[in-house]
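6 protein chains.
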Amino acid sequence: MEPQLNQFIGCNAPFDDAKVVLFGAPYDSTTSFRPGARFGPAAMRAESFGIETYSMLQDRDLAEDVRVFDSGDLELPFGAPDRALDMIEARSLEIVDAGKIPFLLGGEHLVTLGSVRAVAKRHPGLHIVHFDAHADLREDYLGVKLSHACVMRRCHDILGDGRIFQFGIRSGTREERQFMLDGHVTTELFSDTTFADVVKKIGPEAPVYLTVDLDVIDPSEFPGTGTQEAGGLKFSQLLGDLCRICKDLNVVAMDNVELSPALDQTGRSTALACKLLREELLALR
Amino acid sequence: MEPQLNQFIGCNAPFDDAKVVLFGAPYDSTTSFRPGARFGPAAMRAESFGIETYSMLQDRDLAEDVRVFDSGDLELPFGAPDRALDMIEARSLEIVDAGKIPFLLGGEHLVTLGSVRAVAKRHPGLHIVHFDAHADLREDYLGVKLSHACVMRRCHDILGDGRIFQFGIRSGTREERQFMLDGHVTTELFSDTTFADVVKKIGPEAPVYLTVDLDVIDPSEFPGTGTQEAGGLKFSQLLGDLCRICKDLNVVAMDNVELSPALDQTGRSTALACKLLREELLALR
Amino acid sequence: MEPQLNQFIGCNAPFDDAKVVLFGAPYDSTTSFRPGARFGPAAMRAESFGIETYSMLQDRDLAEDVRVFDSGDLELPFGAPDRALDMIEARSLEIVDAGKIPFLLGGEHLVTLGSVRAVAKRHPGLHIVHFDAHADLREDYLGVKLSHACVMRRCHDILGDGRIFQFGIRSGTREERQFMLDGHVTTELFSDTTFADVVKKIGPEAPVYLTVDLDVIDPSEFPGTGTQEAGGLKFSQLLGDLCRICKDLNVVAMDNVELSPALDQTGRSTALACKLLREELLALR
Amino acid sequence: MEPQLNQFIGCNAPFDDAKVVLFGAPYDSTTSFRPGARFGPAAMRAESFGIETYSMLQDRDLAEDVRVFDSGDLELPFGAPDRALDMIEARSLEIVDAGKIPFLLGGEHLVTLGSVRAVAKRHPGLHIVHFDAHADLREDYLGVKLSHACVMRRCHDILGDGRIFQFGIRSGTREERQFMLDGHVTTELFSDTTFADVVKKIGPEAPVYLTVDLDVIDPSEFPGTGTQEAGGLKFSQLLGDLCRICKDLNVVAMDNVELSPALDQTGRSTALACKLLREELLALR
Amino acid sequence: MEPQLNQFIGCNAPFDDAKVVLFGAPYDSTTSFRPGARFGPAAMRAESFGIETYSMLQDRDLAEDVRVFDSGDLELPFGAPDRALDMIEARSLEIVDAGKIPFLLGGEHLVTLGSVRAVAKRHPGLHIVHFDAHADLREDYLGVKLSHACVMRRCHDILGDGRIFQFGIRSGTREERQFMLDGHVTTELFSDTTFADVVKKIGPEAPVYLTVDLDVIDPSEFPGTGTQEAGGLKFSQLLGDLCRICKDLNVVAMDNVELSPALDQTGRSTALACKLLREELLALR
Amino acid sequence: MEPQLNQFIGCNAPFDDAKVVLFGAPYDSTTSFRPGARFGPAAMRAESFGIETYSMLQDRDLAEDVRVFDSGDLELPFGAPDRALDMIEARSLEIVDAGKIPFLLGGEHLVTLGSVRAVAKRHPGLHIVHFDAHADLREDYLGVKLSHACVMRRCHDILGDGRIFQFGIRSGTREERQFMLDGHVTTELFSDTTFADVVKKIGPEAPVYLTVDLDVIDPSEFPGTGTQEAGGLKFSQLLGDLCRICKDLNVVAMDNVELSPALDQTGRSTALACKLLREELLALR
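Protein chains in written order, with numbering that gives the first Met the number 0: chain S, 0 to 284; chain L, 0 to 284; chain B, 0 to 284; chain G, 0 to 284; chain E, 0 to 284; chain C, 0 to 284.
You may find that some hints are simply not true.
For identical chains, the list gives no copy identity; a pair is met inside one copy or between any two copies.
[Said to hold, decoys possible] Once the Cα atoms are required to be at most 25 Å apart in a straight line, the calculated DMTMM-like pairs of lysine to aspartate or glutamate come out as:
no., residue 1, residue 2
1, Lys144, Asp60
2, Lys144, Glu74
3, Lys233, Asp191
4, Lys144, Glu88
If you're looking for bench data, these hints aren't it; they were derived computationally from the structure.
Could you build the full structure based on these sequences and the hints that come with them?
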C-alpha cells in the first residue's frame, strides 16, 4: 500500500524527467485588503481532480503529452517577508539550475519577486510580461518596500527600464501612472490590444518571465481574489494571450498568483485557475 | 380554506388542459464531483415567485397565454439508478401518451436517459439537441454505465448515429473527442456558430428532444452547477437558440438539468434558470 | 487624539466647500423579494478603502480634484415609509438649497421618491434618467402605492409625461409595458442603444435627476442585489453612459440604489459600486 | 396526476378535521437590524422533509396521531404594517371561530399582534406566555408603534397588567426594565427557573397564547435569526418548557417567529425549528 | 526534490510499521437529504495542518508516540453501491490481514458496511459500538436496502442479536423503535448514561468495531453534516467515551463518518473532526 | 451638517473626559492558519448598533454610566511586524500617560505585545491574566519570534516568571507544556476552575493587563476566529470571569483579540464580541 501524493492532476513526472516544475508559495502576509491567497495552491491541487487532463482546445493531455513535476508547497514563515523571499528564490534557482522551467503558484503577488531574483541571475536580458489589474509599481506601501503593491517596482529595480510589459492594468495611483508615462515600463491600460506588437517586439529568443496576477480577469469570471477590479479581461482573451506567449516566446519561468479560494464559495475561480494552468502547461513549447 | 400548491409560478393548468407537463427528478447519485442538483426543481419552484409571469421579450404571459401543469417531483431512490430511471421513464411515458410535452427538471444529467427512453418509444426518428459544457459520451465512468458522464452515449445506444447534435461542449476525454470525430454525433466545440445550419438540417417535422445541461452557460452567469467550465455560452445566446428551437422545430420533449442551487448563494443561478424556463415555455409552438 | 470619521474614501470636504453631498438612506421595508439593501451605504463606506482615490480612466483623484462631503446615513424608521420619505426629502432639500448636488445612496429604490420630491420643488422642468432592470411603473403593489415597485410611477405623478427616460428595463408586467407604449415614459428595453439620442434630446441645460438601480448591471458582474435579472448591461457600458451624463447634462441630483451587500459574499458587488461612485463623482461637471 | 401540495410534513389533514391550523405570515418590514424572517415559513415547509414525522421523545407521529392542516402563507403587503396585521387577524379569527387552534409561523415578531388581537376577542382573560431574548416592550421605536420592538407592549395595551409572562429576556432598554419592575408584566431575566411556578399560577383552565421568538435559544444552537443574543436558553430546556405548556395549560393559540433561514447557511436553525414545531404539535392536548 | 504526500498530519509511518491504517471512502450516493460527505476525508487531511500533533489532554504526540499510516482515499464509483462496498471491504480486509487496525473515514454511513463485512470475517464474535443521531435500522429506504438509513440493520443481518450497542440516537421511525424494543439491538436514546455499563458488559477481550456517525454531536458544535439533529451529545462527552473505548476495549476496527465539510463554512466541524481523530489515534491501546 | 463618527456604540466621550480609550489594531500578518482578524475592530463598530447600550445584567448603560472614547483604528503596515508593534506601543503609551486605560481591539494576538511593552514601562510589577485556547508560548514559530504563536513568551521575556496566569488553554506543543510545568507561567488547562484563587492571589492592588483571545470561547458559541479549538469555555463563564476581574482587580490595560468576522457569516461571533466588550466596559471599576 503506497501513500497518496499531493500533486496537481497529471503532474507526477519524476523531477529528473520534468520539463516544468510546479511549486507553491502559500504566503499572503503583505496583502493590504483581504488576505487568503495563501490557500491558493492547495485549493488548486485538490480541485484539479474536477477537470480533465485532456484539453479539447489544444488536443493535448497533461498526463500523456508533457512532463510536469509538482513539488508541493514551501513552508514559509508568515510575517517575515525577507526570509520567505529567500526561500522562494532558492527553490526557483534549484529548478532553473536543473535546466527546467520553474512555475510558481502564489500566494500574493510579492512572491514573484523571489522567483524573478533567481531567474534574473541565470538569464541575463530577462523580460517580464505582466498581466494584472493593479500596476504594483509603488515605491513603498505605508513605508514597506517588500509589499505586493510594490512588486513590479522591485522587479524594475533589478531589470531596469524597457524590460517590463504590462497588460490589463486598471488601478493605481497618480505616481504609478507617472512612472509609466516616464517610460520605465510599458503599460497598456484596461486591455490587451497591443499584445501582438509586444510579442513581436520581444521576439522568440529573449528570455521571458511571465507573471499572471489572476485578478486581471474580470471579477464576473474570477471573483476569488482579494482585490477585485471591475472592467477586466475576459478569460478567453487571457487564455489566448497566455497560450501564444507560451508557444511563441522563450518563457524561462512563470507564475500564477492571487487566487484566494475562500472568497468564492462557488468554487469556479479555483476551477478556472486549474483550467488555465492546464492550458499553460500544455502550451509551453 | 384550501391548501397551497407547490408549483412553478403560473403553471397551474389542470393536467387535462395542459399542453406541457413539468415534473422534477431530484436525483444526483452518480454526480462525480459536487452533488446538489437534487435540490434544483424545489429551488426553482420556490424562487419562481421572484420573477414575473410576463415576458417583455415575447410579450406573452405564463398565466394567460399558455397552459402548463407542474406535477411536482418524483420521489426517487438514491443509490439505485436503475429504478430511478424506470420511474422517470414511466412518468414521461404517461405524459407523452396523454398527448402532452413532458418537461423534465433535473437533477443530474443522467435523468435525461429515463425521459429519452420513454419518448423514443413513441416518436420514431427522434433527434436530440444537446447543450452542455461536457460531452457526456463516455462508454463508462469508473466502470459505471449509468452515469451522468455517459448519458449521451446511452442515448446514442438507443438512437444510433446522426441523431445527436451537441453545442457548447468544452470538456471531455480524448476518447470522447474521437467518438465525435468518428461521426457518431455532431458536435460543435466551444460555441454555437453552426446552430442555424443544424436547425435547418433537422427541419420542422422531425421529432426533437431538447436537453439543456445548464452548465453550458458561462460560470460567470451561472455558477450554481456542480462542475463549472469557464468559456461557456452567454445567457442571451442560449436564450435565443432555445426560443428558436421551441418555435421552429417539432419539440416533443424537453429537459433542463444540473442546477445545483446551494453552490450559488447569491441566488442568481436559480433566478436565471427560472427565467429561462419561463421563456422556453412561452416559446413552445 | 481625534475620533475617526465614517465617510466614503476621499469624500471629506467640509459641507460648506462641497460641490456634492453624499447621504445614505438605509431603508428596504417595501422590498418584495430579498431585503438587505439597507446595508448598502455602510458597506460602501467600509469597502471604499479597498479602492484608490485616483482614477486611471479619468486621470482625476477624489481626494485632490473634487470636493465631496459625505454626511453619513439618515436614521430611518422601518415600517413607516411615509415618514422615511419625509426625512429623505428634507435632507435632499437642505442640500439643494445650499446650492449643492445631493447624491443619495440607497437602500431600496423607493428612497428615490423622497429625493425627487425635493429636487422637483426647486428645479422646474426636471427630467429623470433611469437605469434599471425593472420598470417600477406599477400603480400599486399588493395595494401599496409607496413601494419600490411603483417608484417611477410616483415620480411620473409628479413630473408628468415625457420627462422620464428608462434604459436597460427587462422585467415588468403587461400593464407596465402598456404604460410605456402609451407614451407616458420613454423606455428602451434590454439595452441602451438609444442613449446618445436621449442625451441629445434632453440637452445640456435641462435639469436632470439621474437614478441608477444597480440591478441594471448584469448579475454576472453585480450579483449583490435583491432581484437579479439575467441579460443586463455590462459595467463598462453603464460606466460610459453615466460619465457622459455627468459631463454633458445638467445633473442636479443623483442616486445609486439597491446594492444588497450580504447577498454577494465575494464582496465584488460592493467593490464595483464603490468604483462606479468614484467615477461618477469625478465625472460631474 | 395530482398537483403537489406545499405543506409542512405530516400536516395534511383537511381543514374541517383539523385540531390545529398552521399559517405563515412572511413579513419582516419593521425589522430594525437584519431582515429575512419573511422566508421562515417557506424554509420550514421545504426542510420539514429532512425530519421524521415520528418523535422518539413522545412516541407519537405527526402523520398518525394528530390532525393538523397547513393552510400556507398569507400574501402580505410589505411596507404596510396596518394592513398586514389586519390580514393576520382575519385569518386567525377564522380559525378560532372554527373551533381550532391557530398556529402562526413568522415572520418577524410584530405578526404576533395580529393573531393576539383575534384571539383576545374570543377568549376573555387571555394570558400570554412569551419566550424571547428581547423584551419587546418599547412604547415606540424611532417613533413607530407597530414595530417588532414594541409588540409585547401593544399586547399589553390589549390585555392589561398581570397577563404577560416572559422568559429568557436578556436585552432591552432601561425603560423596558422599568416597565417590568413596575409590575406590568412578569419577566424572568436570562433563564426559566420560575417556569414551573408560572405554569402553576396560570392554571389548567385559563386561555393561553404561547408566543416563541426563537431567538430565545442560544445562538450556538440557533444562529438563524436577525438579532442574536449570546447567553440564551438551551434547545432541550425550551423544548421541555413548551411541551409542558402544551400539555398542562389551555393553549388556545400559538406562534413561532423570527427564523431567518438565510442567515444560517448550515441549515440547522431551520432543522431545529422544524423539530420544535413537530414536538409542539405532538404535545398539544 | 521529493513529491509532497497527502496524509493526515503525523500519520506518515510506513505501512509495515503501522499499528493503525487510515483510509478514506469518499462516497455519499445514497444520502437522502444533503450530500457532501464525500469530501470529508480530503478536508480532514487538508485541515489537519491547523492542529498540533501533540495532545495536551493525553500528553501524547501523533508524530512521536504512535505509528499510523494514512493510505489515502479509495476511488469509488458513484451510483454503484455494491461495487463501492466491495472495494471498501477489500481494503479493510487487506489491513486486518496484515495485523493492523483499519480506520475508515467516510463518506456517508453506508461505507461502514463494507468494513464491517471484512472485519466480521476475521473476528468472530464481533461487537459494534455505534454513536449516531439516527438509528439507521430501517429494513429498506424507498425500497433500497444498501442505504445509509439501513446500515445498522445490514450489520445486524451479519452479527445477529445482542451485538450492537447504540448511543445518542434521537431520530427514527416507529418501526425502528420497535426493532429496538424487540431486543435486537441495545439502544440508549438521546444520551450515553449507560455507557459505562455497556463497556463493562462487553469486556476487555471481545473484538469491537467502533463506528461514529459524527452527527451524534450536537449541531451547535458540529453543524457540518447532512442531517442535523438538535439535542446531541457534547463533544467533550463523546471524546471521553471514545477514549475510554479505545483504551479499555479490544477495538479491532474503527470509522468516523458523515463529516460534510462544505455545509459548515466556518471550518470548525472539520477542525473538530481532526481533533477527535487525533485523540482516538492517541488513545488506542 | 456634521460628518458621522465611526465609533463603537455609546463610546463617544471626548478624549479628555474618558476613563477608557479604545483603539483598533487591524493586523494579522503573522497568522499561521486562516487570516482575517484585521477586520475585527471595524466589524465590531459596525455591528455594535445591533446591540443596546444598556446592560440588563449590570443595570448600567454605556452611553450614560461610563466615559469611553473610541479613537478608531491605527493604520498598520502589513508585513512589517516590528513597525506595527512600535505604532501600537506608542498609542498605548499615549493613553496610559494621560491617566486612562487603553483597551486594544485586535487583530491577531501578536498586537498584545505592543501594548504590553507600553504598559510595562509605566506599571512596574505588571501581571497578565490571559484567556486563550492556545498557549502562545513558543520560543519561535518557523524561526519567527514576533509571531502570534509566541506572544506570551515575548511577554514573559519582559515580565519574567510568576506574572502570567493562563486559563482555558487546550492546544500547544510538548515544549510549551514543559514551559508551564517548569513554572514560568501559571496555566490552567481546559477550564477556569482555579480562577477565584488566582484573583485572590493577585489581589486588588497589583496592576493587571487583561488579554482575551476570544478563541478561548467554545467554537459553538464563537466560530468567527482563525483557529477554532473544540472544548472551550462557555460565554457565560468567561463573562463572569471578566466582569469579576474588571471589578475586583486593578486592571490598567486590556485587549480583546482574534475576532475574524468573515469566518462566521451568521454574524453572531461579532455580536457576541460586541456584547462582551460592552459588559467589560461597564464592569471596569
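To see whether the hints hold, each was checked on the structure:
Taking the shortest alpha-carbon separations for Lys144 and Asp60, only the inter-copy value of 24 Å comes in at or below 25 Å, while the best intra-copy value is 41 Å. In this assembly of identical chains, the alpha carbons of Lys144 and Glu74 lie at most 25 Å apart whether taken from the same copy (22 Å) or from different copies (16 Å). For the identical chains of this complex, Lys233 and Asp191 are neighbours both inside a copy (10 Å) and across copies (19 Å), given an alpha-carbon limit of 25 Å. In the homo-oligomer, the alpha carbons of Lys144 and Glu88 lie at most 25 Å apart both inside one protomer (17 Å) and across protomers (22 Å), since each shortest distance falls under that limit.
The structure agrees with every numbered hint stated previously.
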